[in-house]
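Asker: Chains B and C: place on chain A using the hints.
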Amino acid sequence: MTRVVPAEWARVPTLTGEVSPNDLGIVLLSENLMFGLPGWWYDPEVNFDRADAFELIRSALLDFKQSGGGTIVDTSGITLGRDLTLCSRIAKLTGVQVVAATGFEDENTSIPTHFALPGSNYFAPGPFDPKRGGYANSVWQREIPGNFYTANGGTKEYLMFLFYNEMTQGMVAPGFIRTKFKAGIAKTGCGWDHVNPVEERSIRGTALAARKAGLPVIITCINQVRREFELLVDEGLEPDRIVIGHCDDGRAIDLERDKEFARKGAFIAYDRIGWEDSSLSYAISDERRAEMVKTMVEAGFAEQIVLSCNAVACTITGPKCRHSFSHILKSFVPRLKKAGLKDNAIDTMLRENPKRILTRR
Amino acid sequence: MVMTVKGEMRPEELGWAALFEHILFAFPGWENDPWVDFNRAQVTESAVASLREFKNAGGGTIVDFNGTLLGRDAELLANISSLADVNIIATTGFSGQDFTPGHFLFPGATRRRDILDQQAGITYEVQRLDADYLAKIFYEELTLGMVGPGMMRTSFKAGVVKTGANWDRVTEADEIAIRGAARAAKKAGVAVLTTGISQAQRQWEILLEEGIKPDRIVIGRCDDGRAIDLERDKEFARKGAFVSYNHIGWEDTSLPYCIPDERRAELVKTMIKNGFAENIILSCDAVCCAISIPQPKHSYSHLLKSFVPRLKKLRIKDSVIDTILRENPKRVLGGK
Amino acid sequence: MSYVNTVLGTIHPAEMGITLQHEHILWGPPGWEFDPEWWFHYPKLFQKCLADMREFRDMGGRTIVDASGINMGRDVELYRMISRYSGVHVVCSTGFWAGAGLYNYFRDKDIDYLENLFVREIKVGMGNSGAKAGVVKVGNGNFGFTEYDERIHRAAARAAKRTGAAIITHGVLGIRRQVEVFEDEHFDLSRVMISHCSDNTGLDLERDKEVARKGAWAAYDTFSITNNWSWADYATYDDVKGDLVKAMIDAGLIDRVLISADVNLFSLGWARSNPYSGKTTVADGLRAIIGQFMRLGLDESVFKKIMIDNPREVVPIY
Chain A
7 MTRVVPAEWA RVPTLTGEVS PNDLGIVLLS ENLMFGLPGW WYDPEVNFDR
57 ADAFELIRSA LLDFKQSGGG TIVDTSGITL GRDLTLCSRI AKLTGVQVVA
107 ATGFEDENTS IPTHFALPGS NYFAPGPFDP KRGGYANSVW QREIPGNFYT
157 ANGGTKEYLM FLFYNEMTQG MVAPGFIRTK FKAGIAKTGC GWDHVNPVEE
207 RSIRGTALAA RKAGLPVIIT CINQVRREFE LLVDEGLEPD RIVIGHCDDG
257 RAIDLERDKE FARKGAFIAY DRIGWEDSSL SYAISDERRA EMVKTMVEAG
307 FAEQIVLSCN AVACTITGPK CRHSFSHILK SFVPRLKKAG LKDNAIDTML
357 RENPKRILTR R
Chain B
30 MVMTVKGEMR PEELGWAALF EHILFAFPGW ENDPWVDFNR AQVTESAVAS
80 LREFKNAGGG TIVDFNGTLL GRDAELLANI SSLADVNIIA TTGFSGQDFT
130 PGHFLFPGAT RRRDILDQQA GITYEVQRLD ADYLAKIFYE ELTLGMVGPG
180 MMRTSFKAGV VKTGANWDRV TEADEIAIRG AARAAKKAGV AVLTTGISQA
230 QRQWEILLEE GIKPDRIVIG RCDDGRAIDL ERDKEFARKG AFVSYNHIGW
280 EDTSLPYCIP DERRAELVKT MIKNGFAENI ILSCDAVCCA ISIPQPKHSY
330 SHLLKSFVPR LKKLRIKDSV IDTILRENPK RVLGGK
Chain C
7 MSYVNTVLGT IHPAEMGITL QHEHILWGPP GWEFDPEWWF HYPKLFQKCL
57 ADMREFRDMG GRTIVDASGI NMGRDVELYR MISRYSGVHV VCSTGFWAGA
107 GLYNYFRDKD IDYLENLFVR EIKVGMGNSG AKAGVVKVGN GNFGFTEYDE
157 RIHRAAARAA KRTGAAIITH GVLGIRRQVE VFEDEHFDLS RVMISHCSDN
207 TGLDLERDKE VARKGAWAAY DTFSITNNWS WADYATYDDV KGDLVKAMID
257 AGLIDRVLIS ADVNLFSLGW ARSNPYSGKT TVADGLRAII GQFMRLGLDE
307 SVFKKIMIDN PREVVPIY
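Protein chains in written order, with the working numbering: chain A, 7 to 367; chain B, 30 to 365; chain C, 7 to 324.
Honestly, the hints are just simulated from the structure, not real lab data.
Mixed in with the good hints, there may be bad ones.
[As the list claims (entries may be wrong)] Think about it this way: if two alpha-carbon atoms lie no more than 30 Å apart in a straight line, the pair counts; the simulated DSS-like pairs of lysine-lysine are:
1) B:K215 <-> B:K165
2) B:K298 <-> B:K268
3) A:K186 <-> A:K162
4) B:K298 <-> B:K359
5) A:K186 <-> C:K50
6) B:K35 <-> B:K334
7) B:K341 <-> B:K263
8) B:K263 <-> B:K298
9) B:K35 <-> C:K310
10) B:K35 <-> C:K311
11) C:K115 <-> A:K326
In isolation and in its complexed conformation, chain A is listed as follows (with noise of 0.2 Å):
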């Protein structure tokens, strides 16, 4: 169900200002400007130089921007290396627009115990019971005044507030600082083999903060899109709202299930455009991805398309990325192109389906 909003209320928040959907330009809508492993400050080896990386970052957008792209949309999450003074100064210096993220992924690698740990986020009068993996009838209170007390802390609600107050008041930094600049799309995950029960409360609480704040979801795992996708209707999101990413990754080709997921409205992602080195799993040929985006156009589903990279400018752990942002413009779109899709196709799918999915609703 669509509905008329205000347009103030449809701009996209950006780590420079809002801006008209409009202005968006050509959109990568899955990316990094840096990737780390939350814990990775704590490791002495690790070489972590900020002047290095600001200019590395800077760089990458810039040769996107000089490449004729618009805007960036950083999906590091709440904690795989967003770093957003860092990232503002250099969109704010390049003229590239950065929408970044909010939300978590697969457990082992973004969520920290924190917020797994059962029981991490609340006192109990109750007994404590094993197979509820906490505390009956707990009550959760914090002390820290003027803020809403909340039911079941560690449940889907505490995360769905934590999601929604990045996309409705502003996004956390070290330091205790919530700084100013708001997410425009959450993204969500779980690990390859099935969805745990800390990974279920995310997706469930990022499909409610997002319904509720009228912004898309990303999906990045690719082989339980299955489970995730009915969690986040379960919640009450609608399909169209619903980004599939990762459908490129090697260890999961399947059209018929993108074609599926594209019929009932979602949209579809080949993110991974660029990674081809074949050491690594889920990395396919660009040749290939080209013939699989051709396949989907030619099947009338160019209107559910969104191409990106996932490139990491900066990487402070992981593995090195050797393509850029620019890779899209520069290498794939001429793939595209080659194989005989014509322009307002490719035009469709990099402006007119990320201006869809990033605007409010």
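Answerer: Chains B and C only, in chain A's frame:
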């Protein structure tokens, strides 16, 4: 009674006492030097070993002559004293303008001190850096406890007061420090140990002006190679003060302030022959952990294991040596 | 020569004095910093911790061992300030509180990596602070001995062996398995402090005696978590803890007994004045401990043995 870092003791209990020694020796600011390798556990072990040697040779007490500023750690002193079972008396006071940090160097300077009052909020008082200001600092170190790191006062009290001056003259900053030390010593009834022999006369004058009695004053470093003067020493002794040859063991004559122990022994013998045995103090200025000066090779026990035999060889009697090592410290520290 | 690594530098073991060998200035599973609900007012935190530690010192306490380990709340800069301005020696732990407490970055690290990390924290310093850790903390969570737990226990044993440091454990339900792993690593059990023998979910005097006879230390270290205050399942009445200690003494095992309070001066990500830790100051913990000694009629020499001499024997690095 005499205040040691372990508490008050009767002067008779001090035994053989060396009045000018140092556990650490470092100029203020040393903590900011990243290449200084200070290992507290190591220093504890070495100090305890050296003091045990001193004790085994007959020693009972040392005075850590660092004053407030030259690398004094009250907790460390107390711990070492307990472990080695040797009495340690700590000092309060300054050592001369060249070794005094800027905060204390501008006599007459006024400073505003904020006072937090539960009722009135924050008010302030204006204080002047003068002799009374410093006297209060020293007096509180003698009676409430020596100051420690972290803006805390430890529970260990100093037992004597030290004064010093620059080599060439007693500066204004030195003068307020000397007067302050004297006022604190007078009020608390403790002894005053001086250093900086070149300005001993002027320090003496100021101390007397401030009402310190000669028999509570020890004129230190009379064996400084740059200013040997037995007439001066006899003059002080005649007036009732104690004269101290306390650089025993510092024999490297390439340094202008050192003289060989042999010569020191002669000086001591001469003073004894002139009838001043009851005014002599001996000590080594030994340092366990020297941070700001070259590490001396001799230790606290050098006094007893090397110098005392030298004196005996000069046919100074055991009873005289005992007077010098036991009775004289007892009288000057204990007072009447 | 043995020495103790405190957060302000090394001290001689003789300076330790009355020591609480299992405490936490800050404790909380990682990730709370991303959660605005659990943000707090830093000056108030500092004020509270400083006041507590000063009170502890005024009561005669001299040293605490902070058993938080890596990424569980340990804040070297804060600890330094608190130690400097309270005069209490603070010994930090390296290691991880439990496998469940590993920050995501560390979850796929192997034993060698973890061992080298722990060694570095003891020999070179924690992060780039220059302050060195003094003991190795390692433990298992409440739901069995996981693969992560096994990894960190082995790494801890190897690191402790290399550096001469002692180990403090966590996780009463895994004690037997912990001892097994340490024995398998040929680690000298007299360098292991087995924590939480007074945890209600795992009270077992016979096990404690067995463990002590093998040479390890049995620590009755939760004197701040009592039923008078807490509904936590692992709370026990102080008298129960006291009786356990007495039983160990009567069994001739005073040489293997340790006592502490397991206080969190400030909980990160946990409700604060909450019934989990009814006594949230080390001074209160010491008071409770003294109370037990008085109740049991144990004289000063026993107090000195357990609160000064025993920690002095096990905590330093050899």
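Asker: Next, verify each hint and record whether it holds.
Answerer: For each hint, the structure was consulted:
no.: 1; hint: B:K215 <-> B:K165; in the structure: 12 Å, holds
no.: 2; hint: B:K298 <-> B:K268; in the structure: 20 Å, holds
no.: 3; hint: A:K186 <-> A:K162; in the structure: 25 Å, holds
no.: 4; hint: B:K298 <-> B:K359; in the structure: 21 Å, holds
no.: 5; hint: A:K186 <-> C:K50; in the structure: 25 Å, holds
no.: 6; hint: B:K35 <-> B:K334; in the structure: 26 Å, holds
no.: 7; hint: B:K341 <-> B:K263; in the structure: 22 Å, holds
no.: 8; hint: B:K263 <-> B:K298; in the structure: 13 Å, holds
no.: 9; hint: B:K35 <-> C:K310; in the structure: 19 Å, holds
no.: 10; hint: B:K35 <-> C:K311; in the structure: 22 Å, holds
no.: 11; hint: C:K115 <-> A:K326; in the structure: 18 Å, holds
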